[in-house]
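*Asks:* Model the placement of chain B on the given structure of chain A, informed by the hints.
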Amino acid sequence: VVLLTGLLAAAGVLLGRPDVVLLAAPLAVGTGWALRRRPGRKPRPATGCVGHPQLSPLAAAAPEVTFTTGGGRVSEGGEAVATISVANPGPVGYDLVVLQPVVSRWLGFKAGDRPHAVVVPPESAADLELAGPARRWGRHRVGPAHAVAYTCDGLLACDALPATPATVPVYPATAPFEADEAMPRAAGLAGTHRSRRPGHGGELAGVRPFAPGDRLRRVDWRVSLRTRQLHVAATLSDRDAELVLVLDVLAEAGRSGGVAGPASVLDTTVRAAAAIAGHYLHRGDRVSLVEYGRAARRLRPASGHRQHLTVLEWLLDIEPGTSAAPYERLFGPHQLSPDALVVVLTPLIDDRTGPMLARLVRAGRFVVAVDTLPGWLAVPGTDPHAGLAYRLWRLERENTIGALREHGVPVVTWAGAGSLDRVLRQVARLATTPRLAPR
Amino acid sequence: MIGRAVRTLERLTLGPLLVRSGLFLSAAAALLLAAPPSGRSAPAILAGLVLAAAPAFAPGGPLPAVVILAAAATWGLATEAFGQPVTLARVLLLATLLYLVHSLSALAAALPSDAVVAPEVGYRWLARALGVVLAAAVLSTATLAGLAGLAGQAGGRHVAASLAGLALAVALAALLARSARPPAGDGPGVIPGTVRRTGAHARGRRGTMEA
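Protein sequence lines correspond, in order, to chains A and B. Just so you know, we're using the numbering used here here: the first sequence kicks off at 1 and counts up by one. Just so you know, we're using the numbering used here here: the second sequence kicks off at 1 and counts up by one.
Treat the hints with care, since some could be wrong.
Each pair of labels, with its calculated beta carbon distance range [claimed, not checked]: (1) Ala-89(B) - Leu-14(A): 20 to 28 Å; (2) Pro-37(B) - Gly-132(A): 53 to 61 Å; (3) Leu-3(A) - Ala-145(B): 26 to 34 Å; (4) Val-66(B) - Arg-139(A): 47 to 55 Å; (5) Ala-145(B) - Ala-131(A): 52 to 60 Å; (6) Asp-113(A) - Leu-166(B): 47 to 55 Å; (7) Asp-113(A) - Ala-145(B): 51 to 59 Å.
If you are wondering where the hints come from, they were derived from the structure by calculation, not from laboratory data. Owing to the predicted nature of the structure, the values given are computational and were not obtained by experimental measurement. Cβ atoms here follow ideal geometry from the backbone N, Cα and C, with glycine treated the same way.
Next comes chain A alone, as it looks inside the complex (with noise of 0.2 Å):
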């Protein structure tokens, strides 16, 4: 502005024309009047920044990013918020603030992937609120961004600090999933099960004469009546059960859509966990939790609405990772309850988990296999061997499954509703038959 001023001023004497240096007067008074106030204060610590506070003079002016998620618990394809503030700490309005927020793909926010300009007037702050749908579970950031602030008239500018950005737990939407078949085995002494042993409980095994130690509240009148003689209605002991879901995440295989497109791996691992937990602690049963790979994470076993909602929290970190921590640290005897039913939901991609399955079921476990590969995936490259290769690979799978049933490991695919209550059925069978295996 300044170097054009003068030229033309410079012209206009040179020529003795006025009229060509009141060309550049609007330029002088338009710089004149955006610069006769101008941002900056005295220092003070930088509390926008991570790490140690510094005094800057900069940032005295520089404008303040913060980002704020709902509060609300939101699940895959619910509609999910989160604002930005932008603060302006000084006495000199900006007259633009250019904002580029870095927003997480899987949220699909209106307009969230565009700049937004907004006017922060002094010592004030503008909102910017985005919203649109969660397109996928998972802990999804939003920010940081890239801030300018532009004041006097476009004359000066300057980048805001660096903020933390703000995560939405995006919670894995979970299919309806019944299982009408009885657990294998109880482990407490109370609960919903019926289990196998006599005891007091509400499903009636029989009627049987008095003995010493019976109840009265017992007794079963009509019969005792018609045979002369005192019987009492012999009842099964309710039962409750202990759930081991077994998270095999040491490859990703497919191309995640989203909640409304194709599901990976991963996405059918989450989702499979969610419904499988959800329906065995709405009954009252025990549920832990156990990732197999990189981060090699446990959950307690408990049961109820807390342990629900903390299982859908625990699936929010999980990640595909190539190394898995020893099977001794993960399963060994002290790790799981020797009653307990362990469903592994495995795509059965990596060397390591066949013989994982097979060493479970020797140390006497229950254990059922969910297959959570998906039932289509792309064939890598163009090489015309490819294909051949893949399908070779397919049938190598089909021979570990075949193996793994062979051991007495029942290998059934992911299929919402009743998935498991044919191979439930095939482990009740065997579980009332004596063990072999020492625990």
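*Replies:* Coordinates of chain B only, in the frame set by chain A:
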């Protein structure tokens, strides 16, 4: 290159489009106003439109300044060589259009082409520009009225231009001196045209001045 252009066009939003359209119209009108009637042939108009469109595509570069200087040069040539009359209204209108080119270039350079722009950004920016133009018009009229007596005398035009130029130079010098000085009583402020780094956490902070 073509794919990038297509993607830019696909993501183009209304706000930046309006700003760039206003920039193009201001530049075209300034060039048309500065040109003499005899020089408004089809090739000249086409060249003028191309020149006027250039800042709309690259508002952050030197092209707006080139357009402003070209319009001023055309104005000088038209009034000197082609005898186009110099009237106060035409001078004020041209000055207004040139300032709009400058101001809208600054706004267009700051706004990405795919930005979602709050309406008040445009309203306030335009209101400030019009306020400046109005103040400059009043100032120019007063200056011209004050120098009218000098202009009638022999060599008075040079004296008038020199006085106007001197006033502008003094105003610019005062402005630059004020810009280099920190705001009174408030400690150090943003120093135009400099990039300051105060440590690892001050990465990216800058104070710039558009020249």
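*Asks:* Kindly confirm whether 47 to 55 Å is satisfied by the beta carbon distance between Val-66(B) and Arg-139(A).
*Replies:* Taking Cβ atoms as reference, Val-66(B) and Arg-139(A) lie about 51 Å apart, which means the hint holds.
*Asks:* Please test the hint of 20 to 28 Å on the beta carbon pair from Ala-89(B) and Leu-14(A).
*Replies:* 25 Å, holds
*Asks:* Is 52 to 60 Å respected by the C-beta to C-beta distance linking Ala-145(B) and Ala-131(A)?
*Replies:* Once the Cβ atoms are compared, 58 Å apart, the range 52 to 60 Å for Ala-131(A) and Ala-145(B) holds.
*Asks:* Between Asp-113(A) and Leu-166(B), is the Cβ distance one that fits in 47 to 55 Å?
*Replies:* Cβ of Asp-113(A) to Cβ of Leu-166(B): about 53 Å, so the range 47 to 55 Å holds.
*Asks:* Does the Cβ-Cβ separation between Leu-3(A) and Ala-145(B) fall within 26 to 34 Å?
*Replies:* Because 29 Å falls inside the window, the suggested range holds.
*Asks:* Go ahead and decide if the range 53 to 61 Å is satisfied by the Cβ distance of Pro-37(B) to Gly-132(A).
*Replies:* Given range 53 to 61 Å: holds, Cβ gap about 56 Å.
*Asks:* Tell me if the beta carbons of Asp-113(A) and Ala-145(B) are separated by a distance inside 51 to 59 Å.
*Replies:* Distance hint for Asp-113(A), Ala-145(B) holds at roughly 55 Å.
When the structure is compared with the earlier hints, no violation turns up for any of them.
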